[in-house]
Amino acid sequence: MTQLELAAQAFIFFLAGFETSSTTQSFCLYELAKNPEIQERLRQEINQAVEENDGQVTYDVAMNIQYLDNVINETLRKYPPVETLFRVPSVDYLIPGTKHVIPKRTLVQIPVHAIQHDSEHYPDPERFDPDRFNPEEVKKRHPFTFIPFGEGPRICIGLRFGVMQTKVGLITLLRKFRFSPSARTPDRVTFDPKMIILSPKAGNYLKVEKFTTVLLVAGFGLCLFLDKRRSVWVDRRFPGTGRTCVLYGDFKAAGRTEHRMYTTQRLYREFKAKKWPIGGAVIYLTPCVIPTDPYLIEYMLSDEYEKRKESNTSECATFTSWWNAFEDEYFDSLINVATEECVQIMENLCSSNSPVDAKAVTELYVARVLTRCIFGKTYTEGSDKLPLTEKLAKHPSGTVWEVISTAFPNTRLTRVIREILNHCQEHPVILEELISSVSTASTTDANFLKYIKHLEQQATTTDRMAFDDTKTLMLELVQNVFYIASGTIIACLFEMGHNQEIQNKLHQILKRSGDSMVDFLDKVIGETLRKYPPIEEISFVTGANHRLPRSELVIPRNTKVIVPIYALHHDAEFYPDPNRFDPERPILRSRQESMLYRPLGGVPFPIGSNLALLIVRVGLGKILTDCTVRLTSATPATLKIAPNQPIPYPSGRVELQISSDRPIINTSGGQVQGTTESCGLFCTFYSFKGIPYAQPPVGALRFTDPVPHGGWTGVRDAGQHGSSCPSPDNLPTEAEDCLFVNVYSPSLIGTRPVMVFVHGGAYSGGSGDDALYGAHYFMPEDVVIVTINYRLGVLGFLSTGDGSASGNWAIKDCVEALRWVQGNILAFGGDPNQVTIFGQSAGGAMVHFLTLSPLTTGLFQRAITHSGSALNAWSLQPNPRAEANRLASALGISTTDTAAMVAGLRQVPFRDLVALQAGLHGQDVPLILRPIDFGPVVESANAPGPVALDRLPIEIIESGSYRAVPLMAGFVDMDALLFSAAEMAVNPGVFNTFNSNPHLLVPFFWNIPEGSAASTAVSDAFRQYYWQGQPLSAALLSEFSVYLTDHQFAYPQLEMAKRHAARSSVYVYQFRYDGDLNLMKQFAGITLPGALHGDELCYMFDPSSLAVGELPVTSHAITVRQRMVRMWTNFARFGTPTPSADAILQNTIWRPISSGVIDATLNIGHDLVMETNPIASRYNQWQELAQRYANNIFRI
1 MTQLELAAQA FIFFLAGFET SSTTQSFCLY ELAKNPEIQE RLRQEINQAV
51 EENDGQVTYD VAMNIQYLDN VINETLRKYP PVETLFRVPS VDYLIPGTKH
101 VIPKRTLVQI PVHAIQHDSE HYPDPERFDP DRFNPEEVKK RHPFTFIPFG
151 EGPRICIGLR FGVMQTKVGL ITLLRKFRFS PSARTPDRVT FDPKMIILSP
201 KAGNYLKVEK FTTVLLVAGF GLCLFLDKRR SVWVDRRFPG TGRTCVLYGD
251 FKAAGRTEHR MYTTQRLYRE FKAKKWPIGG AVIYLTPCVI PTDPYLIEYM
301 LSDEYEKRKE SNTSECATFT SWWNAFEDEY FDSLINVATE ECVQIMENLC
351 SSNSPVDAKA VTELYVARVL TRCIFGKTYT EGSDKLPLTE KLAKHPSGTV
401 WEVISTAFPN TRLTRVIREI LNHCQEHPVI LEELISSVST ASTTDANFLK
451 YIKHLEQQAT TTDRMAFDDT KTLMLELVQN VFYIASGTII ACLFEMGHNQ
501 EIQNKLHQIL KRSGDSMVDF LDKVIGETLR KYPPIEEISF VTGANHRLPR
551 SELVIPRNTK VIVPIYALHH DAEFYPDPNR FDPERPILRS RQESMLYRPL
601 GGVPFPIGSN LALLIVRVGL GKILTDCTVR LTSATPATLK IAPNQPIPYP
651 SGRVELQISS DRPIINTSGG QVQGTTESCG LFCTFYSFKG IPYAQPPVGA
701 LRFTDPVPHG GWTGVRDAGQ HGSSCPSPDN LPTEAEDCLF VNVYSPSLIG
751 TRPVMVFVHG GAYSGGSGDD ALYGAHYFMP EDVVIVTINY RLGVLGFLST
801 GDGSASGNWA IKDCVEALRW VQGNILAFGG DPNQVTIFGQ SAGGAMVHFL
851 TLSPLTTGLF QRAITHSGSA LNAWSLQPNP RAEANRLASA LGISTTDTAA
901 MVAGLRQVPF RDLVALQAGL HGQDVPLILR PIDFGPVVES ANAPGPVALD
951 RLPIEIIESG SYRAVPLMAG FVDMDALLFS AAEMAVNPGV FNTFNSNPHL
1001 LVPFFWNIPE GSAASTAVSD AFRQYYWQGQ PLSAALLSEF SVYLTDHQFA
1051 YPQLEMAKRH AARSSVYVYQ FRYDGDLNLM KQFAGITLPG ALHGDELCYM
1101 FDPSSLAVGE LPVTSHAITV RQRMVRMWTN FARFGTPTPS ADAILQNTIW
1151 RPISSGVIDA TLNIGHDLVM ETNPIASRYN QWQELAQRYA NNIFRI
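Per UniProt numbering, the very first residue in the sequence shown carries number 1; after that it's consecutive.
Quick caveat, the hints were computed from the structure, so don't treat them as lab data.
Please note that the accuracy of each hint is not assured.
Only pairs whose alpha carbons sit at most 30 Å apart, straight line, appear in this in silico DSSO-like list of lysine-lysine [what the hints assert, rightly or not]:
hint	residue 1	residue 2
1	Lys34	Lys99
2	Lys252	Lys640
3	Lys505	Lys471
4	Lys252	Lys139
5	Lys194	Lys210
6	Lys210	Lys176
7	Lys139	Lys275
8	Lys252	Lys307
9	Lys275	Lys307
10	Lys453	Lys471
11	Lys640	Lys505
12	Lys201	Lys176
13	Lys34	Lys194
14	Lys252	Lys140
15	Lys34	Lys176
16	Lys104	Lys139
17	Lys34	Lys201
18	Lys523	Lys640
19	Lys275	Lys140
20	Lys272	Lys523
21	Lys274	Lys140
Make the full structure from the sequences, and use the hints.
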């Protein structure tokens, strides 16, 4: 283009832009003066937009005021700058749909003014109505009904420039001046016919007023502002609540008569009923929107949706990172503190049977935990200062601050007010008051205050946080932990009281540790958080104008968005019957980050929420495991929420009956009340101790068969063990009235396998008490454990060899105990058809005798013997009459009449009997080889009552008349070391005794005569095999102990096992693990390698009397213990120790042995190893010698 052409275009551009903008502004001001309500509405829109842009008029501000566009467009409709457009076709033009042709070069006039005043397109066209140009109205018309600047490629070149001039001019004028008609203002505009562009003939005379009186203008502006705020969504044609209350908007009741979440819920339901995906409301003076559509909520919470950033983001991020690091580093310490404080609370609850205020109990628990974890202080009760809840409530959350902070979200005024109120409000001081009022004593716990002080000392001056910022954020942390934890626990206990069936199910599951316990507890907590979300809404302020997806709706910048968490959680579409408490809701099994389940708000979650939920899990887990929660007459029907708390929190007293879980069970003898004991974190079980199963065997009942107990009146306290049976130990807890059982059960509902344990002690000592046989390691495996007392020594086994005293009273005691189990164990959650008996040492032999006895039919289904059987050298007393005569003679009872002898012995104090029960053999027979003075016997045919053992054990076995039940049998690799070391200590010459009398090495159950060639051959073979023929001495203690293990335990145990395998499955083991729980070995102070007699029991029971303490979590002994308990309980449940591959058991499959041969043995050491026979060489040596030299083996 030439310079002249450029100049011409610029001139036209100037004329077009100048004329259009000046005439449009003139006509617009005329119409605004004639329509003051439109003028004020436009002024409010302009002022709000400029104010939200920090007082700056920018291009974006001018282009984004919708109502300004409407006013200008309506002016251009009524007063188009060019009233007629002219066009000349260059060719003939056939009008579409007709036969009419417009010849080329014909002048075509387009009557813009007429079209824009056509009542068909614009009803009442002379009325000035900017709302004609709302987007939804524009869509209803053909686009060419509004063409004030023409259309197409020849549209006015100065259009955009002219419109921008008009907008800026009107914005500037209307912000500073008010326009109204003057005396010279015409009622109707007349146009100058001489002007090319539509212009008023007589000019435009208006009255102009400048805003000069500040107070008047401010007052008037405030009124306009308030009116504008309450009708903001009406003016924007946005779906909403309409014109609202001037000051409170739609939230008049919030914080006064109800919590704000209920107000939000009503609005949510109103919008959803109208099928709106989002609705507008006014919270106090602030416009807000509440979405109802989950997909829209997901979009608005995403990073794609721009949100206004908070001013203290960096300080919050730093403080939060400190807290997260503290939680990670001291997580175990936090759990310990929560557990310790919960135990203390539980002790207080257990000491009272009166109803309690669950709110007060919970607040005390949470306050104790958070003061220790955060401040390192101990919470003190009985303070006359403000309770913690009242102190936390001082944090400014009242209506005045809500109105100010929400109405002016981003102005200098708000910042000034906030700074003023920060000096006036109490929250920076509350923290010091809180610490000083609730604590006086420091603790040694890891605490956050100490942690951040350490970080501050290491930080540079520039990196340190302001002290006031730290205090404010610390208070927020305390508030979050307290309200989230307390509110959730209170609500959950309240719901448990109202939902007993759910509570019972949780209670029973909590009795068993494991994944199912954690899962269901989390479901209950999850449903509590759904019904009572601590964070009732997610709210933020938009950072820019946002057009919603698939919609014409625009959410303006600086609008508050409220995502109504409480309302979503109580929406029947997502949660059917939302007021019903149901932990099994399907949505609670889906991803917890679902838009429909956000009880802790959005990510990042409130600081301290992890600690709060840890407190909740520990507290609820402990309370609902050990206690029962019930309603009282004063318990509210619904949980009322305090209207004025920043976090939804129960108000008033929440009375519940929280009582210790001491169940009462009906037994055949009467009612017994047990206790609850712990088996680990979130694991408890029921304990019933000292339940009598037979009449006291005293007076005339001494030396007779047990008689079922006659019962008692009232409720018997089963919280303590009964007396143990008299023994040489002469313990103060011993008494002749000692026939008791102890029952330990993980649950009283349903049924599970029962394992009855028979203790050892050489038939003369021990009891079933939990001092050695604590059952809690069995409880997670869901079995019932029963331990029993039976008569010991002379009181349990005296026999005259005839009908006067047939003997085996102890075996018959065990039979009576098993009968009691059959009749009562169902009430304790046990299955009477799935009973396993097991015992160790003499208890193992007793178990074997029970399998041989005709009295036990139907009383048990499986058996386990540890290091003991009826074939052991010490198991059977072959000459009971001699023992009875010796005892009677020692007590001065001289008679050959056995009936008179027994009658005399019944008169002797039990202590005198027990003191004399040992001592038949002289010192020429070492203790380790002496037969048990009073033990099981073969009863005479003329016994007056039922006979427990009518033949030798080997005869019963070989006849096949024993109980063919699945059997586990085993021994410990150095079983006898405990006895040989003890013998060496009390009898230093023991090895000389063996050297001078080698026949002592020959098993007496082989019936080889002393001094015979066979005796010499056997003793020489043993000496050569075990210690290479050397003279025995203390240096050969280990080698000698291996021999003695084979003699006293391994050989007879294997011989018994291979014979039983002819009629039932038999599983053989050797226990050889030497680790942290070999407590018998540690107690004896023995350092030689190997496991000792009884060590394996320490890997199943909890021997509290040995005071082992907590093992390091890295100890392999814990793994071995898990394996032992798992295999033993598997056997009780399935009849096989390894029913399937199990990672804990290293996927080992334990095979039973074949009939008549030891061809499968589980070697239990550091690992589980299946072998043929780990002592095959030694066992073969015994078999060969027995085959060559033994006579009538095991027939003594």
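These are the hints, each one checked on the structure:
1. Lys34 / Lys99: 48 Å, violated
2. Lys252 / Lys640: Status holds; Cα separation ~19 Å.
3. Lys505 / Lys471: Judged against 30 Å, a Cα distance of about 44 Å means the pair is violated.
4. Lys252 / Lys139: 38 Å, violated
5. Lys194 / Lys210: 34 Å, violated
6. Lys210 / Lys176: Holds, at roughly 6 Å.
7. Lys139 / Lys275: Distance of about 22 Å is within 30 Å: holds.
8. Lys252 / Lys307: The hint holds at about 27 Å.
9. Lys275 / Lys307: 26 Å, holds
10. Lys453 / Lys471: 12 Å, holds
11. Lys640 / Lys505: 26 Å, holds
12. Lys201 / Lys176: 27 Å, holds
13. Lys34 / Lys194: Given pair Lys34, Lys194 holds - Cα atoms ~26 Å apart, limit 30 Å.
14. Lys252 / Lys140: Judged against 30 Å, a Cα distance of about 38 Å means the pair is violated.
15. Lys34 / Lys176: With Cα atoms ~18 Å apart, Lys34 and Lys176 stay inside 30 Å; holds.
16. Lys104 / Lys139: 34 Å, violated
17. Lys34 / Lys201: Judged against 30 Å, a Cα distance of about 18 Å means the pair holds.
18. Lys523 / Lys640: Between Lys523 and Lys640 the Cα gap is close to 23 Å, so the pair holds against 30 Å.
19. Lys275 / Lys140: It holds: about 23 Å lies between the C-alpha atoms, which stays within 30 Å.
20. Lys272 / Lys523: With a Cα-Cα distance of about 28 Å, the restraint between Lys272 and Lys523 holds, given a limit of 30 Å.
21. Lys274 / Lys140: Holds, because 23 Å separates the two Cα atoms, which is no more than 30 Å.
The structure shown violates the earlier hints numbered 1, 3, 4, 5, 14 and 16.
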